[in-house]
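Take a look at the letters that make up each chain.
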Amino acid sequence: MSTDGMHDIVALFFGVGIIIAFSHERFNRISYETGKRLDRLVSFLTPDKLRARRQVTYAYFIYTLSLIILYLILCGYAEILLPLIGGQNLLPEIGASTLPSEASTSPPPASDTTPEPTTGFAPMESSAIEFWIANLEPTVSSEPVETNSGVNIAPEVSMGLALIMVGLAPSIKALVRVDEWLRMFAHRVAGIPTWVIDTSDALRSNAKVLRFFTDSEADNSSEYLISEPERKRVIDLHAKAKPFLGNLDDFILNIEVILVASAWFLDEKLRITGTGDKNRFEEIENELRRRKNELFSNANSPDLSHEGWEAVATAADELASDFCVLIALYDEQDVIHPYDQRPAPTESQRRARDRLRQFVDVLYKNKTEPLMQRRGNNLALFWTLAIVLSWTVAWAVLWPGQAEFNLIWDTLSSDTYRRIRLYSVNAFNTYCIATIVAITFRWVRMTSVAEDGQRKWENMRYPNHWTRWLPQALSLFSIAFLVSTALNIAVQLWLTETRTPEAEAWRMTFEEFIISIRWRFEYMGPISFRAACLALLVTVLLDARQRLWTDAGRYEQKQLKRHKSSDQMKSNAKTWRDLSLLDSLSWVAVGALMMLIITPVMRYLSFLAATQDYPRDFDHIDAGLMIWATLYTVVLAALVMFCLSEVLTRRAFYRASKDPADGRVLEAAGEE
Amino acid sequence: MKASVWISLLSLACLPALAFGQDIQLETAVKEDRKIIMGARTDVPPFIWKDKRTQKYRGLFWDICVEALVRSNRPFETVPISAGQRSDLLSKGSYCTEDGETYDTCTAEIATVELLCDPTTVNLKRMQTFSEIDNEDQGEGLHRFVFSPILYLANGSYFQLGYPRRVFREQLATTLKLRCTQFPELKPVFCGEREHPTGWEWLRRPDTELFAQKPSIDWTTACDAILEAMATDKDLPENTEDQERKVWPPQIWPEPDPVKPEFEIWGYLEGSTIGPSVVKAAELAPSSIGICPQAFDSHTLATEAFCNGKIYRYFGDVDLVRAAVNAYRSNNTDNECPADETPSSRGTYEPYALVLSNEKRGFAEDFTLALYSMFTDGTIAQMFDGRFGERRRSQYLETLFRINSIPTGEANIEE
Chain V
17 MSTDGMHDIV
27 ALFFGVGIII
37 AFSHERFNRI
47 SYETGKRLDR
57 LVSFLTPDKL
67 RARRQVTYAY
77 FIYTLSLIIL
87 YLILCGYAEI
97 LLPLIGGQNL
107 LPEIGASTLP
117 SEASTSPPPA
127 SDTTPEPTTG
137 FAPMESSAIE
147 FWIANLEPTV
157 SSEPVETNSG
167 VNIAPEVSMG
177 LALIMVGLAP
187 SIKALVRVDE
197 WLRMFAHRVA
207 GIPTWVIDTS
217 DALRSNAKVL
227 RFFTDSEADN
237 SSEYLISEPE
247 RKRVIDLHAK
257 AKPFLGNLDD
267 FILNIEVILV
277 ASAWFLDEKL
287 RITGTGDKNR
297 FEEIENELRR
307 RKNELFSNAN
317 SPDLSHEGWE
327 AVATAADELA
337 SDFCVLIALY
347 DEQDVIHPYD
357 QRPAPTESQR
367 RARDRLRQFV
377 DVLYKNKTEP
387 LMQRRGNNLA
397 LFWTLAIVLS
407 WTVAWAVLWP
417 GQAEFNLIWD
427 TLSSDTYRRI
437 RLYSVNAFNT
447 YCIATIVAIT
457 FRWVRMTSVA
467 EDGQRKWENM
477 RYPNHWTRWL
487 PQALSLFSIA
497 FLVSTALNIA
507 VQLWLTETRT
517 PEAEAWRMTF
527 EEFIISIRWR
537 FEYMGPISFR
547 AACLALLVTV
557 LLDARQRLWT
567 DAGRYEQKQL
577 KRHKSSDQMK
587 SNAKTWRDLS
597 LLDSLSWVAV
607 GALMMLIITP
617 VMRYLSFLAA
627 TQDYPRDFDH
637 IDAGLMIWAT
647 LYTVVLAALV
657 MFCLSEVLTR
667 RAFYRASKDP
677 ADGRVLEAAG
687 EE
Chain F
92 MKASVWISLL
102 SLACLPALAF
112 GQDIQLETAV
122 KEDRKIIMGA
132 RTDVPPFIWK
142 DKRTQKYRGL
152 FWDICVEALV
162 RSNRPFETVP
172 ISAGQRSDLL
182 SKGSYCTEDG
192 ETYDTCTAEI
202 ATVELLCDPT
212 TVNLKRMQTF
222 SEIDNEDQGE
232 GLHRFVFSPI
242 LYLANGSYFQ
252 LGYPRRVFRE
262 QLATTLKLRC
272 TQFPELKPVF
282 CGEREHPTGW
292 EWLRRPDTEL
302 FAQKPSIDWT
312 TACDAILEAM
322 ATDKDLPENT
332 EDQERKVWPP
342 QIWPEPDPVK
352 PEFEIWGYLE
362 GSTIGPSVVK
372 AAELAPSSIG
382 ICPQAFDSHT
392 LATEAFCNGK
402 IYRYFGDVDL
412 VRAAVNAYRS
422 NNTDNECPAD
432 ETPSSRGTYE
442 PYALVLSNEK
452 RGFAEDFTLA
462 LYSMFTDGTI
472 AQMFDGRFGE
482 RRRSQYLETL
492 FRINSIPTGE
502 ANIEE
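Chains as they are written, first to last, in this note's numbering: chain V, 17 to 688; chain F, 92 to 506.
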């Protein structure tokens, strides 16, 4: 078993490694009907280029985590699940796996039947007394029973599944569909590709900023770093197209956008100051350059018919749109920093930069206010996960966890690594999963906009009406609770009942299975309940902080523009400015108090569930376990609340610039 | 020369008369002298036992004894012999006819037998005892015994209760814990628990040294107390709730119960050859476990204790044990007597023979001849199959039967 178990574990880890290694490539497959908007660019734009790295990272994290969890569940319950999805040929065949090599070398077969009893003397190999007193050692050992460490997942199943999931082996239809759905969900979470379409639309609506061609003789093309031949070309096109095109103005605007954008970015006449990796867009730049040249050569043909001009106008329209996508991506990926404070070397550069700023300013005035809301999620998630896992490991290593664990198993000593393993898996399945689910839920709702223009997410700290926040809170709580409980049950069931071929799970009838699940739900549910409560509190804190820093940001801007702010906004801005350690401590108090009440109740429910088959009274050991559980959760909640409150206050917002001269300058004060 | 001739002639003349006189004496003497008193065990099925219903003896050894007596042309009288009486017979050469009394305080008649029809294990010590009886010459009626040829090879082994030893040990401990109030000697063994903390003591971590200690127990004394407590007729006291720890103060530190001493009780038949080995094994058992050997006066008592879970192992000659357990099962249909027979497939060497008196002139020789003839002509093998039909002979028993089938010595075609 030991060597087999080793192989199983190595194969499983290898499988997870394969999934992680290939997950990025799979994540970058498009999951969307592009529509004609992105069709032209889709071969150059992998999904991870469509959003800023922080957005993509979160979505990628969710996607990979879901894939791994799916993979582990499929492996753990291969015997049940694979036949359902049509993958039974992965399962090891039942029956002899090898044939005996040679009769002479093989040991005699061990007889299963007990020898027929005989009458009369049959001698023993050892002395009678030795034989009689063998195996008499006390049955109650002070050492904990060594549990089966093998995972008992056949390597062919784990490896085969991994290869299927990354698409290297013939696929299983159901898995492909799940993978597609997961990818679509992850992309949607990150706003891929909706965000870039929205943004390029917004830019096009602001295209008039880039007009340099006027009917008058006034030439301000140098402001746009446009060369004289280019300007001439526009005048020329204007004259030639005039008889053929009805929407001449649109056509000329498109041409202007194309010329300005290609001058700035393709010919790199504008000294852009961003730190982003412009090389990532080299392919798309080349493609745009090619299309631009094609467009102008078409337009320059001497005998263009009416249809010919229509085609040129359409091409120009598409090309202008694609240039806007490119600029939106530059902005998203920090290739350009419109609000950079660094001085421009020449006057024309400075004015071009001003124009660019005016052009992309529409993004920063967009109602979605991306700068105001995109921070916080990753920070909250990272900090929560880190605190949960570190506190759990510390708990498992140090004396409280040791005492609790030994109290449960009624031993004096236990293996530290075993404790770490069990506690971490449990904490991940409850607190981490609940938080991930809650934050993802919040984000998904926040990025979707309902018909009335309101975001679907209702701020939980400053809600408008209970009919808005209550259903939202309940659904968030239930989803976090259910996902976490389901994972917990799956792990527990796997640990206790499926790891050996003789295990009960494979022989259960459906009713027995349901009863077993129900029992586990009643026992594990209360644990996940605590986690869901904490996750809910984390989202409330996130909402509270986000409202404050958003309002503070808006207030500052309005102040600088001499606009009037509402009282609410004013007081929120003040609150934001005055946030102190005390405020974090009050969140700590809320979290600790919540756990102080919830944990003993939930622990008692677990006790009731555990004793429903063998009723017994609540005794002193149950009380002791309740004390330990409460201590663990209270400290956990306090740590999470404190660190989150501090980190969201000090790091995750756009602080108004200290330089009041430029009101629009917002400085990223945090990192993600 | 003349005188000697005359004397011899005279003696020749007197010879018939002399012989005649002797013949008359022999007639009556032979009738008295040839009669054999056979001691028969009543309670060792399947070898020999007395059927309670028909009051007739049955069993393999009974069949053999009767047939051999018939073949050696000896009339016989049967007297019942109990296990205790047999023990006296083997050690002292005679027994007290009143079964309830011990040999030394016997008020009834002291008697002896000429043939002990009983599966008696042959060993050197018993043979030595037989020779010493004669030397000490303790008086009238004492016989010098000899063993017949070995008739049977038995396994000295045990039956074990059909559930795990952990269950037996826990049940025993639970019962004895309740008996602590009745038997103070049990207290240090089963009821020596820690005091419950009071006030805020529950917060303090207990000294772990307390738990590591192995219980230091005088197993022999403890066994005496345990056997005494198990034999009592007193009612089991009710569980006193006072000993239970309340919810408050809670227990937050692991306090594994001190390693509870575990005990097993092994039963055997008083006076059986396996008894000393069982006692020895109990002494040699691992120091962490207490084995209490308990001797029983009869297989019936031992079986009853075994089937009611009072003893974990039941030692003895496995054929006897098996027969006793089967008999118990058929008499007590409500008790299935869950027994694990697997250990009994191997055992110690227990060669059985009959005990013959050497005092009756020619009896031992005649009887031995009859026995060998029964082996040779296959009578004993047939008897065995009749009794143990469904069980095949072990390899060694088969060998014994063949060894004992000595050649007839007559001219034989095969030879």
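It should be emphasised that the hints constitute simulated quantities derived from the structure, not laboratory data.
The structure presented is a predicted model; accordingly, all values stated were derived computationally and were not measured.
Any given hint might turn out to be false.
Ranges of calculated distance between the beta carbons of each label pair, as one might list FRET restraints [to be verified]:
hint	chain 1	residue 1	chain 2	residue 2	range
1	F	Gln486	V	Asp426	46 to 52 Å
2	V	Glu153	F	Asp324	29 to 35 Å
3	V	Ser494	F	Thr272	53 to 59 Å
4	F	Pro275	V	Leu498	55 to 61 Å
5	V	Glu41	F	Glu300	55 to 61 Å
6	V	Thr432	F	Gly290	29 to 35 Å
7	F	Gly290	V	Ile89	47 to 53 Å
8	V	Ser494	F	Val258	43 to 49 Å
9	V	Ile89	F	Glu300	45 to 51 Å
10	V	Ile89	F	Glu319	58 to 64 Å
Pairs of lysine to any residue, SDA-like flavour, derived with a Cα cap of 25 Å [as the list claims (entries may be wrong)]:
hint	chain 1	residue 1	chain 2	residue 2
11	V	Lys285	V	Asp333
12	F	Lys268	V	Asp633
13	F	Lys337	V	Ile643
14	F	Lys337	V	Ile613
15	V	Lys224	V	Asp283
16	F	Lys371	F	Ala322
17	F	Lys278	V	Ile613
Backbone N, C-alpha and C fix where the C-beta goes; we use that ideal spot for every residue, glycine too.
Taking the hints in turn, this is what the structure says about them:
1. F:Gln486 x V:Asp426: 46 to 52 Å: holds, 49 Å
2. V:Glu153 x F:Asp324: 29 to 35 Å: This hint holds: roughly 34 Å between Cβ atoms.
3. V:Ser494 x F:Thr272: 53 to 59 Å: Between Ser494 of chain V and Thr272 of chain F, where Cβ atoms are some 56 Å apart, the hint holds.
4. F:Pro275 x V:Leu498: 55 to 61 Å: holds, 59 Å
5. V:Glu41 x F:Glu300: 55 to 61 Å: holds, 59 Å
6. V:Thr432 x F:Gly290: 29 to 35 Å: Roughly 32 Å apart at Cβ, these two residues keep to the hinted range, so it holds.
7. F:Gly290 x V:Ile89: 47 to 53 Å: Holds - the Cβ-Cβ distance for Gly290 of chain F and Ile89 of chain V, about 50 Å, lies within 47 to 53 Å.
8. V:Ser494 x F:Val258: 43 to 49 Å: holds, 46 Å
9. V:Ile89 x F:Glu300: 45 to 51 Å: holds, 46 Å
10. V:Ile89 x F:Glu319: 58 to 64 Å: Holds - the Cβ-Cβ distance for Ile89 of chain V and Glu319 of chain F, about 60 Å, lies within 58 to 64 Å.
11. V:Lys285 x V:Asp333: holds, 23 Å
12. F:Lys268 x V:Asp633: holds, 21 Å
13. F:Lys337 x V:Ile643: holds, 16 Å
14. F:Lys337 x V:Ile613: holds, 23 Å
15. V:Lys224 x V:Asp283: holds, 21 Å
16. F:Lys371 x F:Ala322: holds, 23 Å
17. F:Lys278 x V:Ile613: Violated, at roughly 44 Å.
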